[in-house]
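Asks: Residue strings, one per chain:
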Amino acid sequence: MMAQLELQNVSLSFGEKQILDSVNLHVNQGEFVTILGPSGSGKSTLFHLIGGLLQPEKGSILLDQNKITGERGHISYMPQSASLLPWRTVLQNVILGQELTGVKDTAAARQMLQKAGLAGYENAYPHELSGGMKQRAAFIRALLSPQSVICLDEPFSALDELTRLEMQKWLLSIWQEHQKTILFVTHNIDEALFLSDRIVVLSQKPARVLREFEVPFPRPRSEEILLTPEFLEVKKEVYYTLKQGASMS
Amino acid sequence: MKKRWSAIWLLLFILIGWEAAGRWMEVPAWLLPSPLKIFQAGIEDWTRFYLHLLSTASLSLGGFLTGAAAGLLAAVLLHRVPGLRHPLYPFIILSQNVPVIVLAPLLVIWFGFGLLPKVIVITLVCFFPVTIAALDGFKQTDRDLVHYFTMSGASKKQLFWKLEVPHSLPSIFSGLKIAATYSVMGAVISEWLGSKQGIGVYMTLASSSFRTDRVFVAIFAIMLLSLLFFFVIVLLERYFVRYQRKELR
Ligand SMILES: Nc1ncnc2c1ncn2[C@@H]1O[C@H](COP(=O)(O)OP(=O)(O)OP(=O)(O)O)[C@@H](O)[C@H]1O
Ligand SMILES: [Mg+2]
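Residue numbers (our numbering), protein chains in the order written: chain A, 2 to 250; chain B, 2 to 250.
Watch out, some of these pointers could steer you wrong.
Claimed, not checked - Label pairs and their computed distance ranges (CB to CB):
| id | chain 1 | residue 1 | chain 2 | residue 2 | range |
| --- | --- | --- | --- | --- | --- |
| 1 | A | Lys18 | B | Ile94 | 34 to 44 angstroms |
| 2 | B | Ile94 | A | Lys244 | 52 to 62 angstroms |
| 3 | B | Gly113 | A | Val104 | 53 to 63 angstroms |
| 4 | A | Ser158 | B | Gly84 | 35 to 45 angstroms |
| 5 | B | Ser7 | A | Asp161 | 55 to 65 angstroms |
| 6 | B | Gly84 | A | Gly103 | 26 to 36 angstroms |
| 7 | A | Val104 | B | Pro88 | 38 to 48 angstroms |
| 8 | B | Leu117 | A | Glu58 | 56 to 66 angstroms |
| 9 | B | Tyr90 | A | Asp106 | 39 to 49 angstroms |
| 10 | A | Gly103 | B | Ser7 | 45 to 55 angstroms |
| 11 | B | Ala8 | A | Asn124 | 29 to 39 angstroms |
Unchecked claim - Partial list, computed: chain B residues near chain A (C-beta under 8 angstroms):
| id | residue |
| --- | --- |
| 12 | Thr142 |
| 13 | Leu146 |
| 14 | Gly154 |
| 15 | Tyr244 |
Just so you know, these hints were derived from the structure itself, not from any lab.
Model, not experiment: these values are computed from the prediction.
Yeah, the Cβ is synthetic: ideal placement off N, Cα and C, and Gly gets one too.
Working from the sequences, and respecting the hints, build out all of it.
Replies: Right, here's the structure in full:
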């Protein structure tokens, strides 16, 4: 399998403070990779680098073997906050990505909204939606954007436990259907294990790649796996790695 | 609904109190005419007065439109052209420190008694609140949204039209409301410069012949005109910033 997105020795500091130290990672075509790291470790900053908002001090970022370091518009991005435009209706919001760099396809957008349980809300404004609905709309916006790699920054961290599980299952079903490449950020171990093919654990201050885990559970996954001994076994291992990274600083 | 009428009730209360106090204390009409007398004077003089009123109304409207356009243009230039904001911003503030009363005669010397100096006076009064409001609106655009736009590959133009402009509309409307109220005052002052018609002229004539009742007719006309302008802007705002109104309910 070919690496679709690749980070090679990416380092970054804000002033004196080093945030990222030689981060290497790759995401294969159609793969679901999660970056797991403590709060404040530089996960969002990593996305800002991939999205070209920031320039790395060292290292490069490759998309389909082409250098995209510092270039914008190559990835589809879902920010940590839902970031819907309050003056646009849900439908107008989800086609924003296409509007910026692609071709508008309102029919496809309507269909996606329908599947996401947002039928009837096409003409509603974001403030009329619940937190979960907003996140779904923001994710559909990312999904409809023309780029092939989607970066999701802690999309479910603001939701309650039950809603979050619903959203995770929903995300998996959508992903399996669309076969997009996903790079996902979270600090929640359960979430990382439930969703991903592979987990990249980051340390803190500065962030380095501590270890990579292949997640062994077959797909499609159901929430029952969250309670199996195998799951707890892997979870323990990831947890100790994460803890070690947090205490290293 | 009741709240909306409370201002009217208060106004009525004040007018009745004024009328009663005037009669009871026997205040001479040349000092302070009672509301009924003012009303009477307005009706008697209406055929003459409404020409002045029309003239001031159209002058205010023309001046407001010019001023608002100049204000928006200045804001857009200062915001979009790099390096323009810092050197020019202090001058925009300084332009407001010259008293219009002092500036007005100078403008007559430079530009004569025509329409031009009057429009300049109103423009000077009106552009400032619009410029400041628009600039603040542009600058305070939500950072997460700006990040989303840039990372999604939005051009400068898209960023401006699809994000900064809609985001600053509520702020711009606040500026327009202030400018609309100021415009009538600006028009009256500019008419003092020398004019054949207008509430300003009517007022000067009335006060020099001790027709205090007519002075008050002019004052009330200015108030009503300002309110009318303000109200029109509020209606426009309700139309253009619909999503926000819903939020407040
Ligand atoms: N523009 C900036 N200038 C200076 N420091 C910054 C800037 N942006 C982020 N930082 C710092 O970089 C570090 C990493 O921030 P970042 O937002 O990437 O963390 P995170 O892993 O996404 O955290 P969280 O899980 O809480 O979202 C933090 O210590 C933060 O203070
Ligand atoms: Mg973050």
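Asks: If you check each hint against the structure, which ones fail?
Replies: 5 and 12
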